[in-house]
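K.L.:
Let's have the full structure, built from the sequences with the hints guiding it.
Spelled out, the chains give:
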Amino acid sequence: MKRRRAATLVPYFLSAPALLLFLAVMIVPLIMTALLSFYDWGQYKGIVPEFTLKNWREMIADDYFLEVYVRTLRISLLVTLFSALIGVPEAYILNRMSPRWRPLCLLIVLGPLLISVVARTLGWALLLGSTGFLNQALVSLGLLSEPVGFMFTETGVVIALTHVLAPFMLLAVWAALQRLDGKVEQAAFSLGASQFSVIRKVVLPQIIPGILSGSVIVFALAASAFATPAIIGGRRLKVASTLAYDEFLNTLNWPLGAAVAVLLLVALVAIIVGCNRLIERRFAQVFE
Amino acid sequence: MSKRGELGRNGPLALAFNGLFLAFMLAPILVVCVVAFTPEGYLSLPRRGLSLRWFRAILDYPEFITAFRDSVWLGALSSTIAIGFAVPAALAIARYRFAGRETLLSLMMSPLMIPHVVLGIAFLRFFTQIGLTGNFFGLVIGHVIIVTPFALRLVLAASTGMDQRIEHAAASLGAEPFTVFRRVTLPLILPGVVSGWVLAFITSFDEVSMTVFIASPATNTLPVRLFLYIQDNIDPLVCSISTVLIVLMAVLMVVLDRVYGLDRLFVGTGKG
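Same order as they appear, the protein sequences are chains Y and W. Start counting the first sequence at 32; every next residue gets the next number (the numbering used here). Start counting the second sequence at 35; every next residue gets the next number (the numbering used here).
Derived by calculation from the structure, the hints in this document are not laboratory data. Worth double-checking, as some hints may not be accurate.
As the list claims (entries may be wrong) - Covered stretches of chain Y (in silico footprint by chain W; criterion: 3 or more residues with CB under 8 Å from a CB of chain W, positions within the stretch not fixed):
1) 131-143
2) 250-261
3) 288-301
As the list claims (entries may be wrong) - Label-pair distances were calculated between CB atoms; the ranges are:
4) His202/W <-> Pro48/Y: 36 to 44 Å
5) Leu235/Y <-> Ile99/W: 50 to 58 Å
6) Ala224/Y <-> Ser206/W: 55 to 63 Å
7) Leu108/Y <-> Arg43/W: 42 to 50 Å
8) Gly53/W <-> Arg88/Y: 52 to 60 Å
9) Ala65/Y <-> His202/W: 44 to 52 Å
10) Gln265/W <-> Leu169/Y: 21 to 29 Å
11) Ser140/W <-> Thr184/Y: 36 to 44 Å
12) Arg129/W <-> Thr282/Y: 22 to 30 Å
13) Gln163/W <-> Trp132/Y: 49 to 57 Å
14) Gly295/W <-> Glu81/Y: 51 to 59 Å
15) Arg199/W <-> Gly213/Y: 29 to 37 Å
16) Ala284/W <-> Leu84/Y: 45 to 53 Å
17) Gln226/Y <-> Phe212/W: 37 to 45 Å
Think of the CB as a built atom: it goes at the ideal place given N, C-alpha and C, for glycine as much as any other residue.
P.N.:
So this is what it looks like as structure tokens:
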């Protein structure tokens, strides 16, 4: 009897260290940050621990904040869209590739995930600048009459972020393709369906859950990206995460920075949870 | 016969798309590596032959070398600690159905979904309050939180797939619980533990968005130093440093691919 009581406690003993760690150094700091967003701040008095709605009012009243959040949303949606447009076909093509070439292609596609985002963004900065290599190539090929500056523009940020995040879309779709039964495709072919209609009517409906969960991941990572928008966007083109950074380390208005960060977190969690609910309800049978 | 060929193979259009996609993925990485070999004093393609001057120039910037050393230490320490927390938690989650199991799992995976900037801000506030700012120990704590999901995911996949009857056999032959863990369980989940450690190390080594908040001039990581440098100016020096990083990661990547498989490494969920 005693032994059995002890056995039911085993999982709690095993998980207690991790649980305590996460409560103490992640949940507590997050709560402290939420509280901080309700504190007062002044240029000369610093942080004053008195409850105020000042920071939240300022965020709602000032159009600048709205503009930054709308920009963050727009960039994240575009990155998600482009990642799907290039990642989904690539996953399908890779899946059909001969086993001789597939490992190498996978290494090239997934490898960049392990390379520092700073190094990859540096590459885009070199390519995208108005004297950058992409412009030089396009002008010398006669495709552009004069260089176009992609640096410090949303287009540049979207291109670089799509490069950073498309592999995540590919992975999600790849996982869905692995579960696919090749025989169904073969059956459709042998019944005379064209390649296009096999993809549209047989493959696509089955990998849509993969595409959607990939989209949620890419969207979340795009909305919270920091290094890429900071380098490509420069000091003027702000997104939510670079704005929070600015308030914290340049303006030193921590309470306002905390409010910016908390709003980003809350909005993101609401969007992710909402999308996951929707996907699970709509495609419940696929996840069984 | 012809139908079969049509089904299995990619057409020329598909292959062209694949080529463009691979070029898109490689272009920014290659351009950094090529520019690093320029003999000129400014950003340019090495047209007059290759030069190592910008690699030698790294040695004139000791702050990058100390940052590299700190990054390696930080990565090694935080991944080891994260594995220490992840292994028991993974065993509990994989084997037992207990109250709070789902909550524990989502709590430990949550750093994947919480923006790293928000975590950085939270750690900065927390460390300022408890007097840990600009401290290497603070960096380690922050990185443990960020890399634990990666360690947990791979260890969990390994523990879920493992045959528990072998442990029961060892126990029924009289082995103590800790002996069973050390001699039976650990060797069986070792591939997951090792890959989890490596993935955690790489994640920690590359992390910028959270670290930039809690790093200080005295304790700084290489990617953060690189990031702050790039914000001011871009020159061939950052290209040569990035090239060193890219080559190091490429080596680790090939090893991981051989040992574990890159696609499994990233897809690997609790279900194995």
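K.L.:
Can you give the numbers of the hints that this structure goes against, from lowest to highest?
P.N.:
4, 7, 12 and 17
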